[in-house]
Amino acid sequence: MLQKKICMVGAFATGKTSLVAKFVYSIFSEKYQTTVGVKIDKKNLKIEEQELNLILWDLYGEDEFQKLRTSYLRGSSGYLLVVDGTRKSTLQTAFELQKRVEDSIGKVPFIVVLNKCDLEEEWELDSANMETIEKKGWTVIKTSAKTGLNVEEIFHTLASKILEG
Amino acid sequence: MSDSNGNRLAEESLNSNRTEASDDLSQLTDLSELRSLLLGIEEQKLHRFYEKLDNPQVDAEDISQILPEAVILGTMRNEQLSEAMVPTVEQAIQSSVKKDINVLSQAIFPIIAPATRKAIATALDEMLQSFNYALEHSLSPQSLKWRIEARQTGKSFAEVVLLRTMIYRVEQVFLIHKHSGLMLQHIVAPQVAAQDPSLVSAMLTAIQDFVRDSFNVRKNDGLHTLQFGELTIWIEEGPTSVLAGIIRGNAPEELRFIFKNAIEKIHLKLGKEINDFSGDTKPFVASKPYLETCLASHYKKPTKTKYIYAGISLSILAILLGTWGFSAIREHKRWNNYIQNLSEQPGIIVDKVSRKNGKYFIAGMRDPLSIEPNRLIKQANLNPEEVIYEWETFISLEDEIILKRAAQLLQKPQTVKLSLNKNKILNATGYAPRQWILSAKERSSSLSIMGITKYEDKNLTELDVDQFYQNKSELEKIKILFQVDKNQFVPGERAKLLQVVPKIQNLIGTARYLEKEILIEISGHADTTGVEDANIKLSLARANRILIYLASQGIDKNNLTTRAFGSQKILRPESTKEDKKLNRRVSFKVMINDVAK
Chain A
3 MLQKKICMVG AFATGKTSLV AKFVYSIFSE KYQTTVGVKI DKKNLKIEEQ
53 ELNLILWDLY GEDEFQKLRT SYLRGSSGYL LVVDGTRKST LQTAFELQKR
103 VEDSIGKVPF IVVLNKCDLE EEWELDSANM ETIEKKGWTV IKTSAKTGLN
153 VEEIFHTLAS KILEG
Chain B
-12 MSDSNGNRLA EESLNSNRTE ASDDLSQLTD LSELRSLLLG IEEQKLHRFY
38 EKLDNPQVDA EDISQILPEA VILGTMRNEQ LSEAMVPTVE QAIQSSVKKD
88 INVLSQAIFP IIAPATRKAI ATALDEMLQS FNYALEHSLS PQSLKWRIEA
138 RQTGKSFAEV VLLRTMIYRV EQVFLIHKHS GLMLQHIVAP QVAAQDPSLV
188 SAMLTAIQDF VRDSFNVRKN DGLHTLQFGE LTIWIEEGPT SVLAGIIRGN
238 APEELRFIFK NAIEKIHLKL GKEINDFSGD TKPFVASKPY LETCLASHYK
288 KPTKTKYIYA GISLSILAIL LGTWGFSAIR EHKRWNNYIQ NLSEQPGIIV
338 DKVSRKNGKY FIAGMRDPLS IEPNRLIKQA NLNPEEVIYE WETFISLEDE
388 IILKRAAQLL QKPQTVKLSL NKNKILNATG YAPRQWILSA KERSSSLSIM
438 GITKYEDKNL TELDVDQFYQ NKSELEKIKI LFQVDKNQFV PGERAKLLQV
488 VPKIQNLIGT ARYLEKEILI EISGHADTTG VEDANIKLSL ARANRILIYL
538 ASQGIDKNNL TTRAFGSQKI LRPESTKEDK KLNRRVSFKV MINDVAK
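So the protein lines, in turn, are chains A and B.
Sequential numbering from 3 applies to the first sequence in my numbering.
Sequential numbering from -12 applies to the second sequence in my numbering.
Source of the hints: derived by calculation from the structure; they are not laboratory data.
As a list, the in silico DMTMM-like pairs of lysine to aspartate or glutamate whose alpha-carbon atoms are at most 25 Å apart: (1) Lys45(A) with Asp183(B); (2) Lys275(B) with Glu53(A); (3) Lys269(B) with Glu166(A); (4) Lys45(A) with Asp263(B); (5) Lys69(A) with Asp200(B); (6) Lys109(A) with Asp196(B); (7) Lys252(B) with Glu70(B); (8) Lys44(A) with Asp196(B); (9) Lys48(A) with Asp267(B); (10) Lys109(A) with Glu260(B); (11) Lys163(A) with Asp263(B).
Remember, it's a predicted structure, so these values are computed and weren't measured experimentally.
My request is simple: use the sequences and hints to build the entire structure.
Now the structure itself:
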């Protein structure tokens, strides 16, 4: 069985831990608990007859108090760049983080995850923001850890990208 | 002119060249001689030496000369040569097996049996030691505390005892990819509950990264030990992988050498695979033997090497098991014998046998005239209270039951014997009074319902009570006479014996019918001639002779007794020879008693 390390990267409170919890344990909690350091989980997937063991490193969200430790990224085969669609500022953080990640571990597959799409009324990202992302040629998927929308898909898509090399 | 000059010049030049060549040759020879004188080296050898210098490639012959010594030196210096040769030797073995499996199997055959024995003996010893620990401590005051701990933690008592008597035990060993933190290989000691090794590997790597990032440490420094309660994690780093051992208890520093040795060997063997690692852990199965060397443990040694507690307990257990086994087998055998015996009884058909809640259930069909099953169960030494019967009543047509039923119907006296032949003809023999014989004939018509085709009583002798007393009187009058001083009959007396036999048979038969016991005293007598002691012996011999004869004619000895009177009871005073002759006799006395009930 193949093992691959995947990192969850993004600003604080974007829902990285919730996405992992939904994906691995099928649970969602409204209660917010900030991640200290790193949480690690595991999930087995089957992509086109290939058994894959995803080791998910859920890194704490970057804020003004703590910066991303790039040492945690070492050896990652891919990462999910999580953005909170209800907070425009998290997109900017994501752009910065992507650059730092690439500087640290080089070009590896990643997906931009626009989370919390169940909160339509509070959605702040507009078409201009979307265009900016699309211009970069990045894969973008809207998700909701609460409803489970596209949660499986982001991990499957990233796993497929990793296997494609 | 110029031509002639030119030719001359050419000739001179040629001569000059010849002279130079001759000089050069002479110089070379001189040089060679000088070299030989100075260095003392033969030219041929020198030539070969130059050849070697010109051709730096080493030839196989040279290597073959130095290889054995080089191997020995390399092995003595360190383990690198051995490690380097492992893949070659493995490939050689694989090729040998593929080529002809017999060669290798024959070579290792002498090793396999002792190695297997040793492995089994070690395993048994460890098992016995563990068992002994558990037993030894189960009898100590401390055991109560450990039992409570076992109950609280959900572990077995033996497991808790092992934990508490343990000095240290390496419970898990991880081989982790240094760069990614992914698990390459993981092994766990028996009876140890392990978390997901992939997560543990990743977390250990994260902790290392955290420490490196958080504190100002040198680039090559790493976290070597983590301690949490009674657990210690030892980490040994290789160039591209990390070996982590989870240790319970206090491990000695020597164990670190084992860890270091293991990671070095793994790198030597799988360095390339670790470098090229992209998530596939299959190649690292080969690291298991190295990791297994790290799964060390050490327990407090028992004070007594003889496993007394285990021995005593095992002996008691063996005795109890043996006793229980013997009883169970014996009862099973008795039970089977009983069932077989019951099935063979006339008038009983056993249909189903089962056992439930410690009780036996027997179901089937039974004729009321068949034997009572509990009579058989007592004979079989089984407890009747443990058996529950479910019988359906039926009328059996088996011979034994027919005879019983016929005897019941005809109210057969003891003196009559009934038998049934293959044509189902009922035959009555023995003695019976006339009245019964007539009544049996009348009732015999009802016998057909039992399948009896005919009733016959022609062999039945009619009994008459008056005749009984007449026979008694007649028998007591008979006197068998003997020759002088002998136990030989007087001629003609043998005929009397022929009358005696039917009379006695009739007496015995009638007495049985009348529920009387009969005892016939055979009295021996002698005349007054000679001494009395001799007469007593003679009279006893005469009585015994008659006894033997009667027994030979089928008369039960229990109905006979002898008595020697000598000359004490003479029939008449011996004034004549005829008087003496009458006194040399055997007579009979019939004694009748009621049967004791």
